[in-house]
Structures are given as C-alpha cells and as structure tokens.
Amino acid sequence: MSLESILAQFRDPDAARALAAAIRTRSTRPARLMEFCGGHTHAILRFGIPSLLPETVDLRSGPGCPVCVTAAGDLDRAIALAQVPDVILTTFGDMIRVPGSRLSLAQAKAQGADVRVVYSPLDALRIAQETPARPVIFLGVGFETTAPMVASTVLAAEAAGVRNFTVFSTHKLTPPATRAILAAGEVALDGIIGPGHVTTVIGAAAWRFLPQEYAIPCAIAGFEPLDLLRAILSLVEMVEQGRADVTNTYARSVRLEGNAPALAALERVFEVADVEWRGFGVVPASGLALREAYARFDAARAFPVDVPPAKELPGCRCGEVLRGVLLPTECALFARVCTPQNPTGPCMVSAEGACAAYYRYGERI
Amino acid sequence: MCLGIPGKVIEIDDTPLMRMGKVDFGGIVREVCLGYVPEVELGDYVIVHAGFAISQLDETEAFETIRLMQEVGMLGEEATPV
Ligand code: SF4
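Residue numbers (my numbering), protein chains in the order written: chain A, 1 to 365; chain R, 1001 to 1082.
Because the hints were derived from the structure by calculation, they are not lab data. Hints are supplied without guarantee of correctness; some may be wrong.
Result set (EDC-like, lysine to aspartate or glutamate): computed pairs, CA atoms no more than 20 angstroms apart in a straight line [unchecked claim]:
(1) A:K311 / A:E276
(2) R:K1022 / R:E1039
(3) R:K1008 / A:E224
(4) A:K109 / A:D86
(5) R:K1008 / R:E1059
(6) R:K1008 / R:E1041
(7) R:K1022 / R:D1044
(8) R:K1022 / A:D123
(9) R:K1008 / R:D1044
(10) R:K1008 / A:E4
(11) R:K1022 / A:E4
(12) R:K1022 / R:E1011
Each pair of labels, with its calculated beta carbon distance range [to be verified]:
(13) A:R163 / R:E1064: 45 to 53 angstroms
(14) R:E1031 / A:R46: 22 to 30 angstroms
(15) A:R291 / R:L1003: 25 to 33 angstroms
(16) A:P13 / R:L1017: 39 to 47 angstroms
(17) R:E1064 / A:R296: 45 to 53 angstroms
(18) R:E1059 / A:D86: 45 to 53 angstroms
(19) A:V337 / R:P1016: 52 to 60 angstroms
(20) A:R296 / R:E1031: 22 to 30 angstroms
(21) A:R291 / R:E1031: 24 to 32 angstroms
Cβ coordinates follow ideal geometry from the N, Cα and C atoms, glycine included.
Next up, chain A with everything else stripped away, as it sits in the complex:
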C-alpha cells in the first residue's frame, strides 16, 4: 500500500465510528477537554466530531489562533510600519483583514500602503533582494511552528548580506498561554489536546508540565478525524482512570525531543520576552523578541513608530472566546452582525479562528 492511501485511511468513516463508539463506551465522567490549536477546532467541526461524542465529553477551543491572539496594539504598530514611506510590509494572508483600532492592513493598503501577502518568510526575503532600494518588513505572526522559519530567514538574510530586510516579531509561545488559562482557573479543564505541529517543533516532552504541575492529561494530536478521535479516547481513558500523562497520538510527525535544527535556529535569533496577548494581557515569558546580536533585523528598532493607545473592538468578545470561557455562539454579534464577509473581530477573520469555524460548520454542531 502506498503512503498516500495509508494517509487517506486517517479519514475512514467506519474507523471513525468505531473509535467514537469506544469513546462512548469508556466515558462515564464529565470530561471538559480543550484543543489548544485553532487548526484542531476547524478540523473537529469540519468533520462533525462533536456529533459523534457522548454528552460527557465537552470540547472547548483555546487560544491557538496566532492572528486572533495578536494584541490590538501590535497590529496598530504593524499598520503604522506599513505606512512608513517606501516600506513594503509582508505578512501571511490572514493578518490583512483583521480590524485594528482604527483600520486594518487591507484598508491601509487601499490608502496607498504597500502591503503584500506571502506564503513563506523566504518569499519576503526574496522581495527584499529584488527591491534593494526599499525597506522590506516581515510581520512575523505565529507560534513555535512558524518562529523558526522567521529565524532561519533572518540567518539567510545575514549570510546573503541583505540590508533592507527586517522582522516585526509578534511571535508567541504556546506552553505559557496554556499555563495562563490553567492559572486563571476561569474554566475547569480535565484534559488538553496538544497542538500537533507546534509539538513537532518543541517536542512532546515540552508538555510534561501539564501532568506534573497541574495533574492534567495531555494527548498530542494530528489533524485528521482519526487522529483527533484517538487523542480524545486517550484523554477519556486517563480521566476515567484518574491518571495524568502526556500521550502522543501523532507519532508519525511528533518526536519526544522535537526538531533540533528548528529549535537551534529559533534559539539563535530570538530570546524569550514578556508579551501581550489579546484576551490575556501581558503574559510573562510568553513571546519572542530578536536578540541584541540581530538588532539590525528588528523592525521595531529600525522604525520607531508612535501609535495612539489601542481601542477595543466594540462588542467583540474574542478575548473570552480565546480563554475558552465563552462559546462563539454566545457572543451577541455572532452571525447577526459579525460574519466572515464582514468580521467584527479577529476570531471571525482567521482561518483558525473559533468564531469562523463555528460560523462555517455551525449546522453540524
């Protein structure tokens, strides 16, 4: 059998039903599980997983949408950077339509700013090499999955002697945000579905603090229906047995120690910093800033911009959605005022946002 046909079997409906039946048989106690990752939220709703689960299992989406947790002040600063004369601001597609305090990057572009969407930070470096007379800024958004690529791009820029390329880093770390949710205690959780691609980089061992410090089990999951159901079954098993461990149900990609070359690049270019998250405020040691040695690649230092204090988006409750306290459908604006076509907040804009997932797959909830 080819690997393609094996991968296709991770979506096999009969196998999914068998797994769901196993979960229903095993689950007797309430188990409120949080999927950290917004990609998981989308997969769970897209494949109709909640409809397969018993009432005892309650799934909550978490803060794992990088665009959503970007603080309004950081977005405002990125927009101000885009408006600096001659600057080309590059970023991932999702970021463009997020409303800032006054306008979005898309609106800044309509007013004349040069904002370009790229697939990879290496594309941004290429633009810098092709237009040496203009400053090219990459707006770095994302967790440990994405930050190493930005680090490697900075290292490539250094090696190639590129002088017009800088990065505005809003990169964030996932374990500190998980800690913040548990420490706040606003929502009682019985298990965490660990993010598959973040953990491919940081390694499954990085989640051992959950059982050790919080007595909460964690199952690392992939993004196919069988991956997710397997992780849920593993968590239900542990909840039933009163046991807390880290299990890895995505072993075809996730290793215990993570990806060493990616972590080395991240470590070389970035240092841990206190950063602000939408919905959380400032979380200690939860973000990545460029090290002093790479200061000349830091857009925040190269282009000091003054922005007025950020304004909240009126009526938007993304913060509570990101902390798992509120379901998107409990927001008064959901689907009435706020839609993917006309989003009020970032959780409705991003392809990983919980509000967008609930809107798109709502009929299956």
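Using the hints provided, position chain R with the ligand relative to the given structure of chain A.
Then chain R with the ligand, alone, in the frame of chain A:
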C-alpha cells in the same frame, strides 16, 4: 497558521546557504526548505509548514497506527505515555 501538509520529496538541492528541494503535494510541486530535516532522502515524505519541512513523516508509525486500528477496531487505548 500551524497548517502542515504532507508531501513527497522529489528533488534535493544542497545549496551552500540552505538545504532546499522540491516537494510534490498530490500533483502540486513547491520549492521547500529542507534545512530542518537533514536526514531526508529522495522519495521520503515530509510535513511542510510555510515553505519549510518540519518533520520527516514516519511511515512505519503511519502504517502501524492503521494496522492496529484494523486489528483492534479502535485506537487510543494503546497510546503509551511519553
Ligand atoms: S463573533 Fe465576532 S464579534 Fe463575537 S467574539 Fe467572535 S469575532 Fe468577536
């Protein structure tokens, strides 16, 4: 943002700056940085995020997961702590 897509490595170029290559995603071919997967060879499968391969797909694990599922009719209970 943390989207990762599996694909097959069909070309490897060890340029001095970065290990690059081409990856086939079911017919769509893209240039990908292979710097994080130094052990990958032609024909191997990788998971790609934002233009970088972040892991070599462990085929044995993938086959084993599906085999177990077919045998036992369920998965997850056997997921061992790490
Ligand atoms: S539905 Fe819209 S307004 Fe409400 S929390 Fe979600 S993004 Fe914000």
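Verification of the supplied hints:
1. Between K311 (chain A) and E276 (chain A) the alpha-carbon distance is near 14 angstroms, which keeps this suggested pair within the 20 angstroms criterion.
2. Distance check on the hinted pair: K1022 (chain R) and E1039 (chain R) sit about 15 angstroms apart at the alpha-carbon level, within 20 angstroms; holds.
3. Taken as a hint, the K1008 (chain R) and E224 (chain A) pair is honoured in the structure, with Cα atoms around 18 angstroms apart against an allowance of 20 angstroms.
4. Restraint check: the Cα-Cα separation between K109 (chain A) and D86 (chain A) comes to about 13 angstroms, which is no more than 20 angstroms; the hinted pair holds.
5. This hinted pair checks out: K1008 (chain R) and E1059 (chain R) have alpha carbons roughly 12 angstroms apart, not beyond 20 angstroms.
6. Under the criterion of a C-alpha separation no larger than 20 angstroms, the hint pairing K1008 (chain R) with E1041 (chain R) is consistent with the structure, at around 10 angstroms.
7. Between K1022 (chain R) and D1044 (chain R), the direct Cα distance comes to roughly 12 angstroms. Compliance with the 20 angstroms bound is thereby established for this hinted pair.
8. The hinted pair formed by K1022 (chain R) and D123 (chain A) meets the criterion: a straight-line CA distance of about 15 angstroms does not exceed 20 angstroms.
9. Annotation: proposed proximity of K1008 (chain R) to D1044 (chain R) holds, straight-line Cα distance about 6 angstroms (limit 20 angstroms).
10. A hinted pair counts as satisfied when its Cα atoms are at most 20 angstroms apart, and K1008 (chain R) with E4 (chain A) qualifies at roughly 10 angstroms.
11. Taking the CA atoms of K1022 (chain R) and E4 (chain A), the gap is near 18 angstroms; set against the 20 angstroms cutoff, the hint holds.
12. For a cut-off of 20 angstroms, the pair hint linking K1022 (chain R) to E1011 (chain R) stands: about 5 angstroms separates their Cα positions.
13. In this structure the supplied range 45 to 53 angstroms holds for R163 (chain A) paired with E1064 (chain R), their Cβ-Cβ distance being about 50 angstroms.
14. One distance hint, 22 to 30 angstroms for the beta-carbon pair E1031 (chain R) and R46 (chain A), holds here, with the actual separation near 29 angstroms.
15. Distance hint for R291 (chain A) and L1003 (chain R): a CB-CB separation of about 28 angstroms, consistent with the stated range 25 to 33 angstroms.
16. Under the hint 39 to 47 angstroms, the C-beta atoms of P13 (chain A) and L1017 (chain R), about 46 angstroms apart, fit the expected range.
17. E1064 (chain R) and R296 (chain A) have their C-beta atoms about 48 angstroms apart, which keeps the hinted 45 to 53 angstroms range intact.
18. Under the hint 45 to 53 angstroms, the C-beta atoms of E1059 (chain R) and D86 (chain A), about 49 angstroms apart, fit the expected range.
19. Taking the beta carbon of each, V337 (chain A) and P1016 (chain R) are about 54 angstroms apart, inside 52 to 60 angstroms as hinted.
20. Remark: the range hint 22 to 30 angstroms for R296 (chain A) to E1031 (chain R) is upheld by a beta-carbon distance near 27 angstroms.
21. For R291 (chain A) and E1031 (chain R), the hinted distance range of 24 to 32 angstroms is satisfied, since their beta carbons lie about 28 angstroms from each other.
Hint violations for this structure: none, all hints satisfied.
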